[in-house]
Structures are given as C-alpha cells and as structure tokens.
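Asks: Protein chains in written order, with full-length UniProt numbering: chain U, 1 to 198; chain B, 1 to 198.
For the record, the hints were derived by calculation from the structure and aren't laboratory data.
Don't take each hint at face value.
The list treats identical chains as one, so a pair stands whether inside a single copy or across any two.
BS3-like mimics (lysine-lysine), calculated; alpha carbons at most 27 angstroms apart, straight line [to be verified]:
1. K95 - K140
2. K140 - K118
3. K118 - K60
4. K190 - K60
5. K27 - K86
6. K86 - K60
7. K150 - K86
Number of protein chains: 2
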Amino acid sequence: MNEVVVLTPERILEVTEDVLRRYGLAKATVVDVARALDVSHGSVYRHFPSKASLREAVAKRWLDRLSAPLLKIAEASGPAPARLEKWLRTMFSIKHKRLGDDPEMFATYLALAREACKSVNCHKDCLVDQIALILSDGVKQGAFEVADVKVTARAIFDATSRFHHPAHAEEWNEPSAPARIDALLALLLKGLETPRKR
Amino acid sequence: MNEVVVLTPERILEVTEDVLRRYGLAKATVVDVARALDVSHGSVYRHFPSKASLREAVAKRWLDRLSAPLLKIAEASGPAPARLEKWLRTMFSIKHKRLGDDPEMFATYLALAREACKSVNCHKDCLVDQIALILSDGVKQGAFEVADVKVTARAIFDATSRFHHPAHAEEWNEPSAPARIDALLALLLKGLETPRKR
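With these hints in hand, go ahead and build the complete structure from the sequences.
Replies: This is how it looks when you write it as structure tokens:
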C-alpha cells in the first residue's frame, strides 16, 4: 500500500532535525535528508536552494519553538517587574530543559551560534525586543526608570548570559546556580527600579 | 663558554609558557619543556611532580600577573562606585589585551578553564573577593546598599561574563561592545546604589 506524502517544507525541516540529531551538524548532508525522506536531493533543493538555507530554516524552526512561550509572557499584562523576572526565569529553564532533553540539537544550535548564523542573530534580537516590551510597560507603570529601553534590554540580555548562553551550559547544573540566579535578578531589578519616593 | 644556569621553578615556568605557546596545551609535554631547558625530564619532575602540577603552576603564574593590577585598584581608597567601575573596565581591557597580544596563552587558559583547573577556579574566587572588598567599602561609605557583599560580588562577576569570559572573546571587538559595556555598568551601579533620600 503506497501512500503519497506531499513533500512540504515543514516535512523537510522535521526530517532534517532528525538527521542533524543522528549525524551532527558537521556530517549531515542534504543527501542524508533526501534519503530519510525517500526522495531525490533535487526535491529537497526545490524547497531549500542550498545546504546553508536548509540549516538556517531548521535553526529558525527550533528557535521559534523556544521563544513562543516567552512571547506570551512579554505580551501579557500585569506589573512589569514580576513579568520581567518570570520571563528571565522561563528563558533560563527552557534553555536548561532543552540541554537536558535534546543535547544533539543543543550542540547544533551552539555550532550555528558560533557561525553567527542569521537565524540565531534574529533570535537574539527578537528576545531583546521582548525584554524591551516589558521594560516599556514598566516605565509606563512608573515601576522602572530607564533612559533607553532598547539599550537597557540588551544590557539585561548580556547580564544574564551566564545562565542562557550555551557556552556556559556546563555550569547550569552546579549546586550554586539557583542562588546565583536569585542574586543576579535581584541586582538587575533593583537597577531598573524607579527611586523610592519618601 | 659554558654558563651554569640554576634550574629554579620560576625558570621552568617561564620556559613552559613558551612551550605552550609553541605547541599548544594538547601537544606540549614535559619532555618538550626539559628539552627547551636542556635538562633531563627528571630535573623538571623534581620541581613539579606531574604534568598536571606543572600546568596548574603555569596557569597560576599567568593569572597572577593578570590580577595584580586589579588588586591595586581594589585596595585603593576613594569613592567605591568609581573604583568598582574602574576595576571592571580594567579587567575587561586586560583580558582583551591578552587576547590580542598573547592568543596562544589565551587559548590555553580557555582550555584550562574548561577543565575546571584549580588555578582558574582560585583566580575567579580571588577576583570575586576583590569585588567584595570594593562593595564593603561602598557600604561603609553609604554609597551602596548591599545585603550580602559576597553574594552580590559574585552576581556582578556573573553579570559581566560576556565581557570577560573567554568563551565570548569573539564578541569583544564588535563595534557595539563599548556601548553595551557602558549600559551594563550603568545598570549594575544603579542596582547597588543606596536609594536617594529626598
């Protein structure tokens, strides 16, 4: 019984992820992807004109899944300080969980980050924009005092790198990590606060 | 004309640094060090009982040279906020300069950091202690409000990782780096400040 499966970009990306998990970024080829799909590599190239474009697309898909729950927090209502803390803690825990659940794709992501791949850069910018959105709300609410929302959002992203940048992944399970995260977040939130009126 | 050179630990470490620069951490052996010194490897082992102990010692020597100018700033007098900012900027510039001037030893240091070598851990602790010293002064001066000086010192060390941890070295020469450092330091200093009385 032959079933005709339509070759969609989504189907190609799904299978590419599996292939990357199995072979790793360095070894996986478009031919491997085509073989896993049981199609010619020409069929894959029809959707993704190069190995690089396929890589970009698969990274984007993986990263979009990662940032979707964060966008919900950024766009929610409620007091900005609590929202910022929740957003940062959720980002840390999503990344930590990915590292545990999907180490092969995590390594692939790290390699793509090192190549300064476009999807990874967009992903970072998009996360900084989400922080900026929360900061703007905080300023409107009178809770935050921030001169330049975009610049400060980037500073918060930079300041928390130790707990979200894959280069530091080995430290995330250290026993001292939770207390260090608490101290860091307290310091950053205090730095954003509008000075208390007396 | 033969000159008798006494084989001191300092002389061994000096030559080991050269050997590491030439061959890299993975390939350099105690035999290479002995050959460069024109002594038997037994003579080296008399001072450093293992390759690991020699490695530790050479890392310690390199790192001590790096942290000496920082200690001077930490132990100086004057207003703590300016001193903390100067200390952090000096740490960044020392590390950036080392990366430019001595990339081979920098790579060795990164490899040792990944192995969680004792000297590198001590070095980190020692830097955090220096930050803590400045924070204590700031609390005494009434400039900083800090609940736990040691914990907050570690938070500042973590928060600035992007600009001193060798894993991020590739970003240090990006055009955006100076402005990002300014924004980060402003945020951290504001987070330490005693709330303004009105």
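Asks: Confirm or reject each hint.
Replies: So, going through the hints one by one against the coordinates:
no., hint, verdict
1, K95 - K140, "neither (30 angstroms within a copy, 39 angstroms between copies)"
2, K140 - K118, "neither (33 angstroms within a copy, 48 angstroms between copies)"
3, K118 - K60, "within (9 angstroms within a copy, 39 angstroms between copies)"
4, K190 - K60, "neither (34 angstroms within a copy, 36 angstroms between copies)"
5, K27 - K86, "neither (38 angstroms within a copy, 46 angstroms between copies)"
6, K86 - K60, "within (24 angstroms within a copy, 40 angstroms between copies)"
7, K150 - K86, "both (19 angstroms within a copy, 25 angstroms between copies)"
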